[in-house]
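In case you want the letters, here they are:
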Amino acid sequence: MQSVSESAAAGRPKTSITLMVNGQRHTLDVEPRWLLSDVLRHQLGLTGTHVGCEQGVCGSCTVLLDGQPQRSCLMFAVQAEGHDITTVEGLTPEQGLSPLQAAFERHHALQCGFCTPGMIVTVEALLRENADPDEETIREVLSGNICRCTGYQSIVAAVQDAARVRRESGAAKLEVAAKGQNEAAGGEQA
Amino acid sequence: MKPISFSYYRPKSLAEALDILAQEEEAKVIAGGQSLVPLMNFRLSRPKTLVDINGLRELAAVEADGGVLRIGALVRHQELLAHPLVVQHFPALAAAAAEIGHWAIRTRGTIGGSLVHADPAAELPAATVAHRGVLVLTSAHGERRVDADAFFYGYLMTDIAPDELLTAVELPLPSGVRYGFAEHARRPGDFALAGAFVEVAEAGHAGAVTWFGVGGRPDRQEMELSPDAASRGRQFAAALAELDGPEDEVEARYRRQLAAVAAEQAYQRAIASGRGN
Ligand SMILES: Cc1cc2nc3c(=O)[nH]c(=O)nc-3n(C[C@H](O)[C@H](O)[C@H](O)COP(=O)(O)OP(=O)(O)OC[C@H]3O[C@@H](n4cnc5c(N)ncnc54)[C@H](O)[C@@H]3O)c2cc1C
Ligand code: FES
Ligand code: FES
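Residue numbers (the numbering used here), protein chains in the order written: chain A, 1402 to 1591; chain E, 1064 to 1340.
Watch out, some of these pointers could steer you wrong.
Calculated lysine-lysine pairs in the BS3-like style (CA-CA distance at most 27 Å, straight line) [said to hold, decoys possible]:
id: 1; chain 1: A; residue 1: K1415; chain 2: E; residue 2: K1111
id: 2; chain 1: E; residue 1: K1075; chain 2: E; residue 2: K1111
id: 3; chain 1: E; residue 1: K1075; chain 2: E; residue 2: K1091
id: 4; chain 1: E; residue 1: K1065; chain 2: E; residue 2: K1091
id: 5; chain 1: A; residue 1: K1415; chain 2: E; residue 2: K1091
id: 6; chain 1: E; residue 1: K1111; chain 2: E; residue 2: K1091
id: 7; chain 1: E; residue 1: K1065; chain 2: A; residue 2: K1415
id: 8; chain 1: E; residue 1: K1111; chain 2: E; residue 2: K1065
id: 9; chain 1: E; residue 1: K1075; chain 2: A; residue 2: K1415
Hints were generated in silico from the structure; no laboratory data involved.
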């Protein structure tokens, strides 16, 4: 039996945990009661994960846990041990923006930006599962992410555009790969 | 606000989890945390000890065996709604699971948590009652089985004891009956204002309606379902009048009306599910 918080006499005991966040391993001391959202922000400085409601409703704290969108405000950091966590920082290239982020910019899909990280994380998960979601699917998925500013039209448009860009660049990558193979094959023949 | 301090246990086996529940006072099980953690965040729930069952993979299986479908307590809503055995034998349950909260809630929330939490507007308690399910409750002293209809007492109250773990729910595979489901909520992802599961016999008019969102617990009522829509509407209204609704009279009337609309849609879906097979 493993209790990570043995003695009540010690006040608020902490426990050492290891978290995999955006491909990096972090060892930290946490209280069991600390939410994953707070540990990401306060301990790891990953402030892209926003906290709006702490009751699972607004979606601004959404992260990927083993690739699945989940609310980081409804999970204790100790529970995330042994899982791969991806935050919006992990979906952002070193330089510039991801195709999805660029589409949000092109379509003015954000105003104050509070909801945007949760939107990006959720939609990234959607597009990995479904390269060509229809509008109804997009709206159903986005129903879990509240935006008080934009009215969603521009967000839906950005998602559709990003899906198209990803499909085309995916197709372009395949073409390059196929071309490379053809050339290699041609080279052998010659 | 943030949760109060608690001791955290992560048992590696069912036996270990049951030992902790037997020994620790004021221990609570945490499964998906999608109902418990919001309550803890607002300090409406203040458990001294949390027993995290997410590592108990033996509770996460779905299997058909001897005429029943056994669904492990740890099966997440998102797995449930797409599981081939659920879709094949219990399409109304699959449809209901798809209406729970949002994607990021469904990837984490579990059927066991939903049944033990017992929100009167929740889909899965009603689905379990509608399908005449049996809950398997296990403690350090052994196992007992409780009919879904007897398990739910009322608003957030059930028959489970503090040292018990819900390990699975068993649903008899339907034969000779079809089910339909419908609900109405203010926005997608919200808890339903009212909903219904309707069961119709393939031959004759025997049937049943299980209502949720109206009373404090899901209610299953058997009735001969008239083939005439207007008479059915009167039947639904009469059946709903028997349920204890919310105290507020206007709200009670509104929820009953929505429930009747849902029942008619569920009836149509049950009938339609028989066509084209
Ligand atoms: C924004 C939002 C929207 C939602 N919308 C809906 C909705 O539309 N419909 C709906 O039905 N639900 C909805 N939910 C709740 C969701 O379905 C939860 O997943 C579910 O109610 C509880 O399951 P859980 O696994 O998260 O349980 P937890 O939150 O972990 O636990 C809930 C309770 O059950 C106990 N418990 C859990 N598992 C067991 C077990 N195996 N044995 C004994 N006790 C156990 C816990 O101790 C606790 O008391 C919503 C939640 C959120 C945050
Ligand atoms: S802060 Fe987690 S859903 Fe709102
Ligand atoms: S841009 Fe302000 S909440 Fe969405």
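Verification of the supplied hints:
no., hint, in the structure
1, A/K1415 to E/K1111, "holds, 15 Å"
2, E/K1075 to E/K1111, "holds, 20 Å"
3, E/K1075 to E/K1091, "holds, 16 Å"
4, E/K1065 to E/K1091, "holds, 17 Å"
5, A/K1415 to E/K1091, "holds, 20 Å"
6, E/K1111 to E/K1091, "holds, 8 Å"
7, E/K1065 to A/K1415, "holds, 16 Å"
8, E/K1111 to E/K1065, "holds, 14 Å"
9, E/K1075 to A/K1415, "holds, 21 Å"
When each numbered hint is compared with the structure, no violation occurs for any of them.
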